[in-house]
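K.L.:
Spelled out from the first residue to the last, the chains are:
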Amino acid sequence: MTMPTYVGMPAFPKAARAAVADTRLRGNLAHATGTIRARRAAAVAELDDWAELRAAGKAIKDHTLAHLAHYLELLEERVTAAGGTVHWARDAAEANAIVTRLVRATGETEVVKVKSMATQETGLNEALAEAGITAHETDLAELIVQLGDDRPSHILVPAIHKNRAEIRALFRARMPSAPDDLTDDPAALAEAARRHLRAKFLSAKVAVSGANFAIADTGTVLVVESEGNGRMCLTLPDTLITVMGIEKLLPTARDLEVFLQLLPRSSTAERMNPYTSAWTGVTPGDGPQAFHLVLLDNGRTATHADPVGRQALRCIRCSACLNVCPVYARAGGHAYGSPYPGPIGAILSPQIRGIGSEVDASLPFASSLCGACYEVCPVAIDIPEVLVHLRARAPKRPAERAAMGAAGWALNSAARLAAAQALAGRGRRFARHARVPRAWTDTRDVPVPPAESFRAWWRRTRDGS
Amino acid sequence: MKIALFVTCVNDTLFPDTGKAVVALLERLGHRVAFPPAQTCCGQMHLNTGYPGEAVKLVEAFTGAFEDCDAVVAPSGSCAAMVREWHARLAARSGRERLAERAAALAPRVHELSELLVDVLGVTDVGASFPHRVAYHPTCHSLRMLKLGDKPLRLLREVRGLDLVDLPDAAECCGFGGTFALKNADVSAAMCADKVAAVKSTGAEVLCAADNSCLMHIGGALGRQRSGVRVAHLAEILASTS
Ligand code: SF4
Numbered sequence: 001m002t003m004p005t006y007v008g009m010p011a012f013p014k015a016a017r018a019a020v021a022d023t024r025l026r027g028n029l030a031h032a033t034g035t036i037r038a039r040r041a042a043a044v045a046e047l048d049d050w051a052e053l054r055a056a057g058k059a060i061k062d063h064t065l066a067h068l069a070h071y072l073e074l075l076e077e078r079v080t081a082a083g084g085t086v087h088w089a090r091d092a093a094e095a096n097a098i099v100t101r102l103v104r105a106t107g108e109t110e111v112v113k114v115k116s117m118a119t120q121e122t123g124l125n126e127a128l129a130e131a132g133i134t135a136h137e138t139d140l141a142e143l144i145v146q147l148g149d150d151r152p153s154h155i156l157v158p159a160i161h162k163n164r165a166e167i168r169a170l171f172r173a174r175m176p177s178a179p180d181d182l183t184d185d186p187a188a189l190a191e192a193a194r195r196h197l198r199a200k201f202l203s204a205k206v207a208v209s210g211a212n213f214a215i216a217d218t219g220t221v222l223v224v225e226s227e228g229n230g231r232m233c234l235t236l237p238d239t240l241i242t243v244m245g246i247e248k249l250l251p252t253a254r255d256l257e258v259f260l261q262l263l264p265r266s267s268t269a270e271r272m273n274p275y276t277s278a279w280t281g282v283t284p285g286d287g288p289q290a291f292h293l294v295l296l297d298n299g300r301t302a303t304h305a306d307p308v309g310r311q312a313l314r315c316i317r318c319s320a321c322l323n324v325c326p327v328y329a330r331a332g333g334h335a336y337g338s339p340y341p342g343p344i345g346a347i348l349s350p351q352i353r354g355i356g357s358e359v360d361a362s363l364p365f366a367s368s369l370c371g372a373c374y375e376v377c378p379v380a381i382d383i384p385e386v387l388v389h390l391r392a393r394a395p396k397r398p399a400e401r402a403a404m405g406a407a408g409w410a411l412n413s414a415a416r417l418a419a420a421q422a423l424a425g426r427g428r429r430f431a432r433h434a435r436v437p438r439a440w441t442d443t444r445d446v447p448v449p450p451a452e453s454f455r456a457w458w459r460r461t462r463d464g465s
Numbered sequence: 001m002k003i004a005l006f007v008t009c010v011n012d013t014l015f016p017d018t019g020k021a022v023v024a025l026l027e028r029l030g031h032r033v034a035f036p037p038a039q040t041c042c043g044q045m046h047l048n049t050g051y052p053g054e055a056v057k058l059v060e061a062f063t064g065a066f067e068d069c070d071a072v073v074a075p076s077g078s079c080a081a082m083v084r085e086w087h088a089r090l091a092a093r094s095g096r097e098r099l100a101e102r103a104a105a106l107a108p109r110v111h112e113l114s115e116l117l118v119d120v121l122g123v124t125d126v127g128a129s130f131p132h133r134v135a136y137h138p139t140c141h142s143l144r145m146l147k148l149g150d151k152p153l154r155l156l157r158e159v160r161g162l163d164l165v166d167l168p169d170a171a172e173c174c175g176f177g178g179t180f181a182l183k184n185a186d187v188s189a190a191m192c193a194d195k196v197a198a199v200k201s202t203g204a205e206v207l208c209a210a211d212n213s214c215l216m217h218i219g220g221a222l223g224r225q226r227s228g229v230r231v232a233h234l235a236e237i238l239a240s241t242s
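As you go down the protein sequences, you meet chains A and B in turn.
Using UniProt numbering, read the first sequence as starting at 1 and increasing by one per residue.
Using UniProt numbering, read the second sequence as starting at 1 and increasing by one per residue.
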C-alpha cells in the first residue's frame, strides 16, 4: 500500500483552488461542518459556567507549559514506578525508530492502531511499512482514509471529505470481508467495518496509540474516543506503545474535571465522552503486560520558546476551530499539507516544522482573520493573533515588501497621503483600466476613486472651523 | 460634545461620503466634529500582512494625532478594533513601552460609530429616514473584536421607513480579510459568493455594514452580477433624511 506523504505540498492557495472547484467536496464539507457546528453550539450553551471552564482550561495548560520540564520528569518517574518504560524522541525519525525497534523486539509484523495525531505527524505507518510491519488503523474514519491510500482531512473526522456513496465503493473495492450487497446505509457501513476490524483486534499482539492526556503525578495516560476501538486496542494486546506530544500533560487527575467537560462538548458536541480509557503503567494479569510511552518533541520545544506562538501548545485537538472556519469549509483539509488542518494547523505546522517549505510559509496567510476560531476554542488560543505573529516571520516577495514599504511611507505623513489621494483623484478616469490585480477583478468590480478625498473636502469646506 | 473624527485611510481615499455622513449626522445631533489633520491610517493592513515594524510607526502617528481628544469616532469596526485591541499590544511587543502606555490611555476613548451613538451619546433614534429594504452584515471585527452586538440593529430599527430584514448566516465572514482577498483569491471569492447568495435571498435593496472595506468586496461582487442590490455604510443610512 502506498501512503502519501506531506513532502513537497504546494502552497495553500494553489491546493485550495482545486478544492474550491470540487463541487462534491464543497457539498460534503458544508454539510458536515454545518451540522457539527450547530450541535457544538447547543452543547456548549447548556453549561452556564462555560466561560469559567474555558478560562480554567487555559490557565491549567499555561501553568503546565510554564513548568513543562518538571512535570515531564515527574511523569517519567511515575510511569516507570508503575511498570512502564518511558522513551524520549527529539523528532519524528527518532520516534519512528523507537516504535519500530519496540515492535521488532516482539517478533510481530502487524500492529493495531488507535487514531493518533502524533503518529500521523511522524509518519509512523510509512516508517513501519518500510520495516515490514503493517499498521491497521481501527478508527472507522481512519480506516476509510487508510483503505483509500488517502490523507486525513479533519482532526476528528479524518474522512469528512468522503460521503457515504464513496465509502461504500471503497469498502467494496478494498475490504475483502465486505458483503456483495453492501448498501450506503451508515449502519451497514459501520457493520462491515466492525466485522473487518474485529478479526484484527482478536489477533493483534501489539497496539500503538496516541494520548489525549497524561497525568504527571500519577503516571496515568488517557485516551478518549467514541467507537470502542480504542478500548479494544488498549486492553487486548500484550504490548502497548503510546506516542504522545510532550504538551499533552496535565499536573493532576483533578484537572480532568475541566478537560473532560471542555473536550467532548467542543469536539463531538457530546456531554460526556462515550469511551474514556485510563491506565497507569502495567497491571499484572490485566491488559497489556508491556507498556511503552514515547514522549515526542518534534518542534514543540522550539514552539514553546516563542512567547506569542506557544499558546498553540494548549490545543486539545477538539477540532471546533475547523468546524467554524469559513476557509476550511471551502478549501478542505488537504490544502493545509499536514495532519493538522484548519486554523490550528495554520498556526501549528509552521511552528513545529518551521516556515521553510512552500506550504508552511503560506499557512499563516490562509485566514481572513475573522476570529470565529478564537471564539470557539475551549482553551482560548488567540489563533488570529498567532497568525499575524507568524506572518511577520514568513518570507516576503520583494515586490510586496517594496509596495508595503511605499504604502507605509505614504501613510506615515498626512501630506504624503494627501498628495497620493490627489493623484488618484486626477487619474480616476483611468481607474477602470488601472492595474488592479486580476485576483480582485476576476469576481468583483473595482470602486472608482472619488474626485476629492475626504480630507480635501474638509479643507475646502471646513478649514478653520 | 466635541468629537474627533478618525475617518480612516480607506474612507478618506475611496469613500469620502461616509466621512461626510458622519459629520452631517453628528452635527444634526448637536455635536461639534473636529478632523485632526495629522491623521492617516491605523496600521491594520501592515500588521495583518506581516509588517509590524511599519505598523508600529502608524500607531505612533495615530496616537500623536488623537491623544488630546476626549472622544474619537471611527466609521469602521475594523479600524476601531485595531486601535483598541492592537495598538498598545503592538507597541509593547515592539519594545516601545512609553508608546504602549500612551496608546493604552487613548484606546478607551476611541469608538466605532454605533458605540459612540448608543453607549456614549445614549441615542438610538437619530432622526433618520431611509425608505428601503435593508439587510445588515455584522462584519467580523465589529462582531468578534468590538462585540458590537445589536447596537447597529437598534439604530437601524429606529430609522423611518426602513424595512430591516434578517440576513441568513449573518455572522459568517464575507471573505475580504484585507490582503487575504488577493493572496487567497479563490477561497475569498467562494466565501463572497455565499454571502452574496444570502444577501440576495433576503430581497433587500441595500446591504448595510459598519465597514466599507467589506462592503467594497461584497458590493464589488453584487455589482459584477448586476444583482440590483447596492451597499451603504451605516453612517450614510443614519445620516439620510430623504
Ligand atoms: S485550537 Fe482550540 S479549537 Fe482548535 S482544535 Fe485546538 S483546542 Fe480545539
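Quick caveat, the hints were computed from the structure, so don't treat them as lab data.
There could be a bad hint or two in this list.
[To be verified] Negatives, chain B to chain A, calculated, CB over 12 Å:
| no. | residue |
| --- | --- |
| 1 | Arg-98 |
| 2 | Gly-122 |
| 3 | Arg-144 |
| 4 | Lys-183 |
| 5 | Val-187 |
[Claimed, not checked] Only part of the chain B face toward chain A is listed, based on derived beta-carbon distances under 10 Å:
| no. | residue |
| --- | --- |
| 6 | Phe-15 |
| 7 | Gly-30 |
| 8 | His-31 |
| 9 | Gly-43 |
| 10 | Leu-47 |
| 11 | Thr-49 |
| 12 | Tyr-51 |
| 13 | Gly-149 |
| 14 | Leu-153 |
All values reported here derive from a predicted model rather than from experimental measurement.
Glycine included, every Cβ here is placed at the ideal spot set by N, Cα and C.
K.L.:
Could you run down the list of hints and mark each one as holding or not?
P.N.:
Hint by hint, here is what the structure shows:
1. Arg-98: At about 19 Å from chain A, B:Arg-98 clears the 12 Å cut-off, so the statement holds.
2. Gly-122: Non-interface label on B:Gly-122 holds, nearest chain A Cβ at 26 Å vs cutoff 12 Å.
3. Arg-144: violated, 4 Å
4. Lys-183: Given that some Cβ of chain A is not farther than 12 Å from that of B:Lys-183, nearest at about 5 Å, it is violated.
5. Val-187: violated, 5 Å
6. Phe-15: This interface hint holds because 8 Å falls under the 10 Å limit.
7. Gly-30: Since the shortest Cβ distance to chain A is 16 Å, the answer is violated.
8. His-31: violated, 13 Å
9. Gly-43: holds, 8 Å
10. Leu-47: holds, 6 Å
11. Thr-49: With a minimum Cβ separation of about 6 Å from chain A (threshold 10 Å), the hint on B:Thr-49 holds.
12. Tyr-51: holds, 5 Å
13. Gly-149: violated, 14 Å
14. Leu-153: At 19 Å from the nearest chain A Cβ, B:Leu-153 fails the 10 Å test, so the hint is violated.
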